[in-house]
Amino acid sequence: MNDLELAFHANEIRKGIIQGVHAAKAGHPGGSLSSADILTYLYFVEMNGIDPADPSNPDRDRFVLSKGHAAPVLYATLAEKGFFPKEELLTLRKVGSRLQGHPDMNLLPGVDMSTGSLGQGLSTAVGMALAGKMDQKNYRVYALAGDGEIQEGQIWEACMFAGHRKLDNLTVIVDNNGLQIDGDIAKVCSPYPLDEKFMSFNFNVIHADAHDFQSLKDAFTEARETKGMPTAIIAKSVKGKGVSFMENNAGWHGKAPNDEEYEIAMKDLEEIGAKLCQ
Amino acid sequence: MSVKVNLSGESKIATRESYGKALVALGEKYPELVVLDADLAGATKTEIFQKAFPERHIDCGIAEANMMGIAAGLASCGKIPFASSFAMFATGRAFEQVRNTIAHTELNVKVAATHAGISVGEDGATHQCCEDLSLMRSIPNMIVINPCDDVEARAAVAWAAAYKGPVYLRFGRLAVPVILNADSYEFEMEKAIVLREGKDLTIFATGLEVYESLMAAEKLAEEGIDAEVVNVHTLKPIDEETICASLSKTGKGVTVEEHSIIGGLFSAVSEVAAKRCPTKILPIGIEDEFGQSGPAKELLKLYKLDADGIYEKIKQFL
Numbered sequence: 001m002n003d004l005e006l007a008f009h010a011n012e013i014r015k016g017i018i019q020g021v022h023a024a025k026a027g028h029p030g031g032s033l034s035s036a037d038i039l040t041y042l043y044f045v046e047m048n049g050i051d052p053a054d055p056s057n058p059d060r061d062r063f064v065l066s067k068g069h070a071a072p073v074l075y076a077t078l079a080e081k082g083f084f085p086k087e088e089l090l091t092l093r094k095v096g097s098r099l100q101g102h103p104d105m106n107l108l109p110g111v112d113m114s115t116g117s118l119g120q121g122l123s124t125a126v127g128m129a130l131a132g133k134m135d136q137k138n139y140r141v142y143a144l145a146g147d148g149e150i151q152e153g154q155i156w157e158a159c160m161f162a163g164h165r166k167l168d169n170l171t172v173i174v175d176n177n178g179l180q181i182d183g184d185i186a187k188v189c190s191p192y193p194l195d196e197k198f199m200s201f202n203f204n205v206i207h208a209d210a211h212d213f214q215s216l217k218d219a220f221t222e223a224r225e226t227k228g229m230p231t232a233i234i235a236k237s238v239k240g241k242g243v244s245f246m247e248n249n250a251g252w253h254g255k256a257p258n259d260e261e262y263e264i265a266m267k268d269l270e271e272i273g274a275k276l277c278q
Numbered sequence: 279m280s281v282k283v284n285l286s287g288e289s290k291i292a293t294r295e296s297y298g299k300a301l302v303a304l305g306e307k308y309p310e311l312v313v314l315d316a317d318l319a320g321a322t323k324t325e326i327f328q329k330a331f332p333e334r335h336i337d338c339g340i341a342e343a344n345m346m347g348i349a350a351g352l353a354s355c356g357k358i359p360f361a362s363s364f365a366m367f368a369t370g371r372a373f374e375q376v377r378n379t380i381a382h383t384e385l386n387v388k389v390a391a392t393h394a395g396i397s398v399g400e401d402g403a404t405h406q407c408c409e410d411l412s413l414m415r416s417i418p419n420m421i422v423i424n425p426c427d428d429v430e431a432r433a434a435v436a437w438a439a440a441y442k443g444p445v446y447l448r449f450g451r452l453a454v455p456v457i458l459n460a461d462s463y464e465f466e467m468e469k470a471i472v473l474r475e476g477k478d479l480t481i482f483a484t485g486l487e488v489y490e491s492l493m494a495a496e497k498l499a500e501e502g503i504d505a506e507v508v509n510v511h512t513l514k515p516i517d518e519e520t521i522c523a524s525l526s527k528t529g530k531g532v533t534v535e536e537h538s539i540i541g542g543l544f545s546a547v548s549e550v551a552a553k554r555c556p557t558k559i560l561p562i563g564i565e566d567e568f569g570q571s572g573p574a575k576e577l578l579k580l581y582k583l584d585a586d587g588i589y590e591k592i593k594q595f596l
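Going line by line, the protein sequences match chains A and B. Numbering-wise (the working numbering), the first sequence opens with residue 1 and increments by one. Numbering-wise (the working numbering), the second sequence opens with residue 279 and increments by one.
Be aware that a few hints might be false.
Label pairs and their in silico Cβ distance ranges [unchecked claim]:
1. A:E271 x B:E374: 54 to 62 Å
2. A:L107 x B:E549: 23 to 31 Å
3. A:Q214 x B:Y308: 28 to 36 Å
Cβ-to-Cβ under 10 Å is the rule here; a few derived chain B residues that face chain A [what the hints assert, rightly or not]:
4. A349
5. H382
6. Y441
7. Q570
8. S571
Restricting the straight-line Cα-Cα distance to at most 25 Å, the calculated cross-link-like pairs of lysine to aspartate or glutamate (DMTMM-like) are [as the list claims (entries may be wrong)]:
9. B:K329 x A:D104
10. A:K255 x A:D135
11. A:K166 x B:D337
12. A:K166 x B:E519
13. A:K227 x B:E333
Think of the hints as simulated: they come from the structure by calculation, not from any bench. These numbers were taken from a predicted model, which means no experiment stands behind them. Ideal placement from N, C-alpha and C gives every residue a C-beta, glycine not left out.
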C-alpha cells in the first residue's frame, strides 16, 4: 500500500473519530487524531493476521491501546479495516453500544485488550509478548502509550520487565503530542528526556514523525529487525492533527465539537481528502 | 449431614504451603498453567512450583501492579496464570489492576494471595491485610475463596485451575491444623459446609477460624450449649440456602473471621440474613482498627480470635 492510499485511510479514520465524538457529545478527539496515522500504518501495513473474519487467530499480531481514552481512533481504524460497519461509529458512548467510552475486548471483536485506566495496558502487552516467547510463536505485540500516560509508575515497571526479559517482539509507541489534560506535559510533570529513559530500561529507541508514513515505516522496520531488546518508538505528533482548531490545543483533549465546530472539522478533513485525490 | 472432622491438631500445615504443593500437581495436568510472583516466591511458596517448572514461573520483581497486567496479557493468550503476592499487595496495591484488567475483562487469572489476616504476626499492621475479602468481594465477576486447611486449600486451587475466569484465593502464613479428610472431602464452590450440627446458635467461620470455632463449640458443648458450625469457604458467591437454613433452625448467628468485620464474612452473612432470614448476628473479627506486631498465636488470643476468645464472646452474646 502506498503512502497516498495510507493517507486516504488515515483521513477517513479522522472523519470517523470526529463523527463518533460529535454523535456522542463526549470523548477524546485530540489524542485520537494525533495517533490516527500510527494506527493506519499498524493496521494497514505493519501488523500480520489482522482479519475481521478471524479476529481471535492465536497467531495474529496484537495491538494494545494503552492510552485507552483514544478509543475513537481504534474504533474508526477497525471500522475502516472492515471489522464493523462505519455507521456503528455513531453509537460511540451510547447506552448498549459495543463502542464503550474505553475499549472493551469482550464487546467488540478486534479489540485485543480492554484498556482505559492509564498505565495498565502496557503491562498486558508485555504479558502477551511473554506468552509469545514462551510458546515460541512469531507474533508481535504493539502498545500505544500517551506521553502523559507514561507519568504512571506502572509503565516503568512494565518497561523494566520487558527490557529484563529482552522482549524483542514488543514495540511500544509513545504518541508524543506534548499535551495532557492540564496542559504542556513538560510543565505539568515532565517525562523528558524520553529516549534516555527508555534506553536506560534496556530498550532500543527510535525517533519518528507520527504523521510521515515513510518515517513510520523506517521505525517499525527497525523495530522488527531489532533482536534481544524491545523497541520504543517516540513518535512526535500533533494533538488534534487534521482539524485546524483542534491542533496543538489541550482544550480538545476530552471535548466533543458542537454542531458548528463539527461542520468546520469535517470541512477541514474533506479538504485534506480532496487534495489527496488531486 | 455434618462432616467428620479431626480436631486433634496433630498435623499442621500453612495453607500457603498447600497452595505451592497443589500448583506442582496442577502444573503436570495443565501445560498452560503459569505462576507469577513479585519477589516473594519463598514466602508465598510458589518456589515449590518454580523448582518443578522453572520456565513457567515468572518472577516480576517487586512490582505487583505490573504483575497483574502481565497475568492478564498471558491469560488473553491462553495461559492459566496464578499471580501471587501477600494479600496486602495483591488486593491493596494492585486493587485497580485486578478490577480493571482481570475482573472487568473476565480473563482467566487466579489472584492467589498469602499472608492474609492478623495471623501474619510479627510483620505488623502494614502487612496484616484484614481488608482483602472486602475488596475482592466488591468486584463484579470475582469469585472469593478462603480455605480452612490443607485439604480444602489444595482442593480449592485445583477447582480454580479448572474454572475459566477470575478467582481470588486467600491463604495464610500460620501453620494450622488439618481438620478435613482428604479421602472423602470434595470441594464444591459456593457450597458452605456444616461441620458440626447444633440447635442453639450457628457459628459461621472462614479460613483458619473454622478450627478455632469448632474448638469453641466443643467448650460450649461442655456447658450444654449446642452450636452448629458452618465452614464458609466461598464468600462470593455466598451460599444463601445453607446460611438461611441454619439460621432458621438456630435463630442466632455468629461470624468468625481473621478479617475486618467490615466487608468480609460478617457482611456477607448479614447481607443474606437481612435479605432472606432476619436474625441477630454477632461479629467476631478485627474491629475497625489496625493490627500490630506479635507472634500469630498471641495476636489471635489478643483479638479474641482463638477458641477461648470466641467462646467468651459467644457466652456474652447469649
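Non-conforming hints, listed in increasing numerical order: As far as the earlier hints go, 1, 3, 6, 7, 8, 9, 10, 12 are violated by this structure, in ascending order.
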